[in-house]
Amino acid sequence: MATGTVKTGPQDLPPSGGYGPVQFERIKLRQILSAKSTLLTYAACTGLGFFVMFYEYRQIRRERVEQLSGRFAIQALLQAERDRQFLKQVRRNRDAEADLMKDYPGWQVGKLFDEARFIGDDPDKFIEPNISEYFAHARCVGGFLHLFNYSLNV
Amino acid sequence: MPISPIFRNPLTDLSGGLLTFENTECEDRELKAIECVEAYGLPKGEEKCKILITDFKECITKFKSFTRVAIMRNERLRQYRAGQREEQFEELPRFDAV
Numbered sequence: 023m024a025t026g027t028v029k030t031g032p033q034d035l036p037p038s039g040g041y042g043p044v045q046f047e048r049i050k051l052r053q054i055l056s057a058k059s060t061l062l063t064y065a066a067c068t069g070l071g072f073f074v075m076f077y078e079y080r081q082i083r084r085e086r087v088e089q090l091s092g093r094f095a096i097q098a099l100l101q102a103e104r105d106r107q108f109l110k111q112v113r114r115n116r117d118a119e120a121d122l123m124k125d126y127p128g129w130q131v132g133k134l135f136d137e138a139r140f141i142g143d144d145p146d147k148f149i150e151p152n153i154s155e156y157f158a159h160a161r162c163v164g165g166f167l168h169l170f171n172y173s174l175n176v
Numbered sequence: 004m005p006i007s008p009i010f011r012n013p014l015t016d017l018s019g020g021l022l023t024f025e026n027t028e029c030e031d032r033e034l035k036a037i038e039c040v041e042a043y044g045l046p047k048g049e050e051k052c053k054i055l056i057t058d059f060k061e062c063i064t065k066f067k068s069f070t071r072v073a074i075m076r077n078e079r080l081r082q083y084r085a086g087q088r089e090e091q092f093e094e095l096p097r098f099d100a101v
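These protein sequence lines map, in sequence, to chains A and B.
Mapping of the first sequence onto this note's numbering: residues 23 to 176, in sequence order.
Mapping of the second sequence onto this note's numbering: residues 4 to 101, in sequence order.
Every clue listed holds true.
With a straight-line cut-off of 25 angstroms between C-alpha atoms, the simulated BS3-like cross-links for lysine-lysine are: (1) A:Lys-133 / B:Lys-53; (2) B:Lys-51 / B:Lys-67; (3) B:Lys-60 / B:Lys-35; (4) A:Lys-110 / B:Lys-67; (5) A:Lys-110 / A:Lys-147; (6) B:Lys-60 / B:Lys-47; (7) B:Lys-53 / A:Lys-147; (8) B:Lys-35 / B:Lys-47; (9) A:Lys-133 / B:Lys-60; (10) B:Lys-53 / B:Lys-65; (11) B:Lys-65 / A:Lys-133; (12) A:Lys-133 / A:Lys-110; (13) B:Lys-60 / A:Lys-147; (14) A:Lys-124 / B:Lys-67; (15) B:Lys-67 / A:Lys-147; (16) A:Lys-147 / B:Lys-65; (17) A:Lys-124 / A:Lys-110.
For the record, the hints were derived by calculation from the structure and aren't laboratory data.
The model shown is predicted, which means the values in this text are computed figures rather than measured ones.
Chain A on its own, in the form it takes in the complex:
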């Protein structure tokens, strides 16, 4: 249903005297910075930035060298502590195994029943445990936690 009234009057025509003039020339925007001053500002900012970065980076290098020197100085201590902690953990594992398997028939600590891991070796020789033996009495997620912590500290 068409609504509204049907136009029946005279036809639409241009206003008397014609339409006004059409604006088709470009109107330039108001200029705040000219090309030259833009380039100058850019050069000044970049130069200042490089200048500051040069001095800051020199300071950062100095501090990094200092940190590295300190780390190198205590490297032997850190490694010794790490080895010590490793051996302590191996002893803890052995004690845990002895406590755990005391009622297990035929079990000997450090061996698979009565068979040593390496038959030909000296029984007093220290066998470095692999990763599954090292985490044998801890949760399965322990190795991943160690890996994550280790990768954070590198």
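With the hints as your guide, set chain B onto chain A.
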């Protein structure tokens, strides 16, 4: 028993180490076992060098070690379920030790 290749080319020496266990923890055991078998010959060496070969196999497969860990874990789980143990696991090893 070292087996020398029929054709030698530059890749022979480059790829020679890929088939052995050199640069691993088992290189000494491998060398000892190989030299023992070489001294006695293959048929006699298999019985004479049995200990060396067994140790070398244990070194590369770690079968006994994994079996040990599996038995201990099963025993721990059994004790925990039977109520003989309050905590199933021991404390986590300290960080930065490995």
